[in-house]
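*Asks:* So the protein lines, in turn, are chains A and B.
Take the first sequence: its letters are residues 1 to 327, numbered as in our numbering.
Take the second sequence: its letters are residues 1 to 327, numbered as in our numbering.
What the hints contain is simulated information worked out from the structure, not anything from laboratory work.
All C-beta atoms, glycine included, are put in the ideal place defined by N, C-alpha and C.
Among these hints, one or two may not hold up.
Partial pick of chain B residues on the chain A-facing surface, computed with a CB cut under 7 Å [claimed, not checked]:
(1) ALA136
(2) PRO139
(3) LYS218
(4) MET220
(5) PHE224
(6) GLY259
(7) ASN264
(8) THR265
(9) GLU269
(10) LEU272
(11) THR305
(12) PHE307
(13) ASP308
(14) LEU327
Protein chains: 2
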Amino acid sequence: MIRIGIFGYGNLGRGVESAIRQNKDMQLVAVFTRRNPESVTINTDGVKVDHADNVKNYINDIDVMILCGGSATDLPVQTPELAKYFNVIDSFDTHAKIPQHFSNVNATAAESGKVAIISCGWDPGMFSLNRLYASAILPNGKDYTFWGKGVSQGHSDAIRRVEGVLDGKQYTIPVEDALTAVRSGANPDLTTRQKHIRECFVVAEEGADLARIESEIKNMPNYFADYDTTVHFITKEELARDHSGIPHGGFVIRSGKTGFNNENTHIIEYSLKLDSNPEFTSSVIVAYARAAYRLNNEGAKGCKTVFDIAPAYLSMQSAEELRATML
Amino acid sequence: MIRIGIFGYGNLGRGVESAIRQNKDMQLVAVFTRRNPESVTINTDGVKVDHADNVKNYINDIDVMILCGGSATDLPVQTPELAKYFNVIDSFDTHAKIPQHFSNVNATAAESGKVAIISCGWDPGMFSLNRLYASAILPNGKDYTFWGKGVSQGHSDAIRRVEGVLDGKQYTIPVEDALTAVRSGANPDLTTRQKHIRECFVVAEEGADLARIESEIKNMPNYFADYDTTVHFITKEELARDHSGIPHGGFVIRSGKTGFNNENTHIIEYSLKLDSNPEFTSSVIVAYARAAYRLNNEGAKGCKTVFDIAPAYLSMQSAEELRATML
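Same shape as in the complex, but just chain A (with noise of 0.2 Å):
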């Protein structure tokens, strides 16, 4: 058995602890928290919830460290510290900042000995993952990635900060024209308003400027200005009714061209479409914490991304029945 912690219980962590009950070579030990731990209640009868700071008393119970904070001031912070002691796991998504958090990572963890895999999920994860594929297959190509339709945790913060909002939800949906066009590998030059439209759900306050929130939302610089956007105004109970959901999910499409004279066009299509989108993400990294797991066994350290790590460590199968079941 895989022992496994989860550090932060947010909707991660509980996609997490979710996850671990379908692997059947995984256990859940322990989960930790920064809140008092008494005030958090888990799903698993049984597994000790304790204060993040007793962490380092897990050392040699705890195999793989699934961290489940968020990217702009936890995972910083964390999956360097925790990789002194543990074989760890995050999904930092800032992809900006993904070359320093790998190299502060990387220092911890080949000191440690212990692997650590970070930026795992699904972008970046498994879309990165296409995107590599697909580009190694076609060099003659070009790649497009489109989100949605789902909801953006940033988009809709930002709707709820606008006055006379009381709440809001943000909808990243892909331009179908868009789409179409790059399926037919005429590889077109796409804007930012061309690829993706914003759909917004707003409840306002009562008697709040409509007018103005909507024109508000709408020009807002770096979320909204440069898309084509709309704005629905709607009761709380509708919001609570039709979008309490988390969905998500997108397409890494590539077209490249092969032959001679490039006379052929080829179209690579990787899609997603989730209902939850923190369930996803915590699947994806239940799956690459069982290949930190053994890649550690086999005496790897450092940090890691999906790049690095051989199909084969994700699956419960052996090797064997890998080959005979699924190439």
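Model the placement of chain B on the given structure of chain A, informed by the hints.
*Replies:* Structure of chain B alone, referenced to chain A:
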């Protein structure tokens, strides 16, 4: 530069030759044929065509030998034999015989200290990878592979063996309703007939009994009897004009459930739409040839499949570049 040899010069060999041009770190050294070398004209100036019997003269000149023969009789003999002298890669695609082929190739490659990659392409190959990744991520799920729309060489050959048939081409086509059902997450049980249809374009001899030909095709065991098959009689000119390509493609779809009560459904879909089946297969093989070269330089030896190879080995870019640009 990675120095490449091509062993066998049919559609696949030509595809490899053209793919090498797109990979700036590779160089084609020689093409080997069992025909009279003087009768074989290749598309790359200054590259030698030599007889297959002389291949051992190139032991110091070739880093990776790409085997482009057929799975029925060529590769079972050639891959283990050439792995005694070279890093090798093949596209052995008789799924049921992969374990035996692996074992044979591994024996000679482990002994010689070379790396051998077998069963590389898209199925087996990229489709296999996607089955593995998706099943590791969503253990509580089911996966489906659909092929087409594309030309099946084996079924086209079967048509041509029917008395009164001059020429013919067969397309395998996924049933749209089946794709829709799978994408819904319903995890349907699908029969052979429900998954694919077969469409045949046939050139008959003048005066042949078309009704008999159609009936013989539709009722042919193993090839057509288990499918809904349509037969179109066309002229030789129409066949040449409309059906001379070798397109193919398909879909690997896994749907799975997550959550404490399996309440959330996720769909992972990978699809290929290929103008040229052999050129795409070649492009995959060439990327993995890079991996074979690098792995052997690191001291690896023995037989491997796409399951055993970390994605970063396929790319011309360095690990740092990949993390900065693709993760």
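*Asks:* Hint by hint, say whether it matches the structure.
*Replies:* Structure-based check of each hint:
no., hint, result
1, ALA136, "holds (4 Å)"
2, PRO139, "holds (5 Å)"
3, LYS218, "violated (32 Å)"
4, MET220, "violated (28 Å)"
5, PHE224, "violated (27 Å)"
6, GLY259, "holds (6 Å)"
7, ASN264, "holds (4 Å)"
8, THR265, "holds (5 Å)"
9, GLU269, "holds (5 Å)"
10, LEU272, "holds (6 Å)"
11, THR305, "holds (6 Å)"
12, PHE307, "holds (4 Å)"
13, ASP308, "holds (5 Å)"
14, LEU327, "holds (5 Å)"
In summary, the numbered hints that this structure violates are 3, 4 and 5.
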